[in-house]
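Assemble chain R onto chain V, guided by the hints.
Protein chains in written order, with our numbering: chain V, 1 to 108; chain R, 1 to 108.
The list makes no distinction among identical chains, and a pair is therefore deemed to hold if it is satisfied within one copy or across any two copies.
Below, a list of computed lysine-lysine pairs in the DSS-like style, where the Cα atoms sit at most 25 Å apart: (1) Lys56 to Lys22; (2) Lys4 to Lys56; (3) Lys68 to Lys105; (4) Lys7 to Lys56; (5) Lys74 to Lys105; (6) Lys74 to Lys7; (7) Lys68 to Lys56; (8) Lys74 to Lys4; (9) Lys22 to Lys4; (10) Lys7 to Lys22; (11) Lys68 to Lys7; (12) Lys68 to Lys22.
To be clear, the hints were calculated from the coordinates, so they are not data collected in a lab.
There are 2 protein chains.
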Amino acid sequence: MLEKTTKMNMLYDFYQTLLTDKQREYMELYYYEDYSLGEIATETNVSRQAIYDNIKRTEQILMNYEEKLQLYEKFLQREALLVELAQQLTEANVAQLQSYIQQIKNID
Amino acid sequence: MLEKTTKMNMLYDFYQTLLTDKQREYMELYYYEDYSLGEIATETNVSRQAIYDNIKRTEQILMNYEEKLQLYEKFLQREALLVELAQQLTEANVAQLQSYIQQIKNID
Numbered sequence: 001m002l003e004k005t006t007k008m009n010m011l012y013d014f015y016q017t018l019l020t021d022k023q024r025e026y027m028e029l030y031y032y033e034d035y036s037l038g039e040i041a042t043e044t045n046v047s048r049q050a051i052y053d054n055i056k057r058t059e060q061i062l063m064n065y066e067e068k069l070q071l072y073e074k075f076l077q078r079e080a081l082l083v084e085l086a087q088q089l090t091e092a093n094v095a096q097l098q099s100y101i102q103q104i105k106n107i108d
Numbered sequence: 001m002l003e004k005t006t007k008m009n010m011l012y013d014f015y016q017t018l019l020t021d022k023q024r025e026y027m028e029l030y031y032y033e034d035y036s037l038g039e040i041a042t043e044t045n046v047s048r049q050a051i052y053d054n055i056k057r058t059e060q061i062l063m064n065y066e067e068k069l070q071l072y073e074k075f076l077q078r079e080a081l082l083v084e085l086a087q088q089l090t091e092a093n094v095a096q097l098q099s100y101i102q103q104i105k106n107i108d
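Same shape as in the complex, but just chain V (with noise of 0.2 Å):
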């Protein structure tokens, strides 16, 4: 079972530069495009279960280099942080300000 997940977009976002193009194509038809697995296959001219097959591994894949590099993971706790940043800025809260700063280089 697929299903379409916020997170398995963002990984993708992240993550598609390392991907084959027909990794890419399908998971754009599939995610972006919000196509169905039947007509992806008529699409393609490639059975479903191919279709399925592919993109499961290649959901695999992106979740194997997001458990090895974490960019997705870092990205919410760096936009957390501009969030706490921007808000606190409002209140001049000049040494809160500075310790969300360090937060943010330390991510990396």
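For chain R alone, coordinates are given in the frame of chain V:
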């Protein structure tokens, strides 16, 4: 010719989790421990030429990942903005600070 550069050290930091154990071993001896190729050959009982070829190939792999993911390039951009951000903080220039935050968000 291999050259021990700061950039290669940084690329190794960012992408080492994508390398094999053997690639990591040679890279760490060469770049972190500052062994010569000859010393690594003696240490590991592998020919100097094989060590050289392995490190040369690993450097290509790291540069290939950087070309695709640009983690080091984004890190440099983020660092530069964070330095500016920290400097402006002392002057409490809110509009400029907000602009830096937006630019950091836009990097990913």
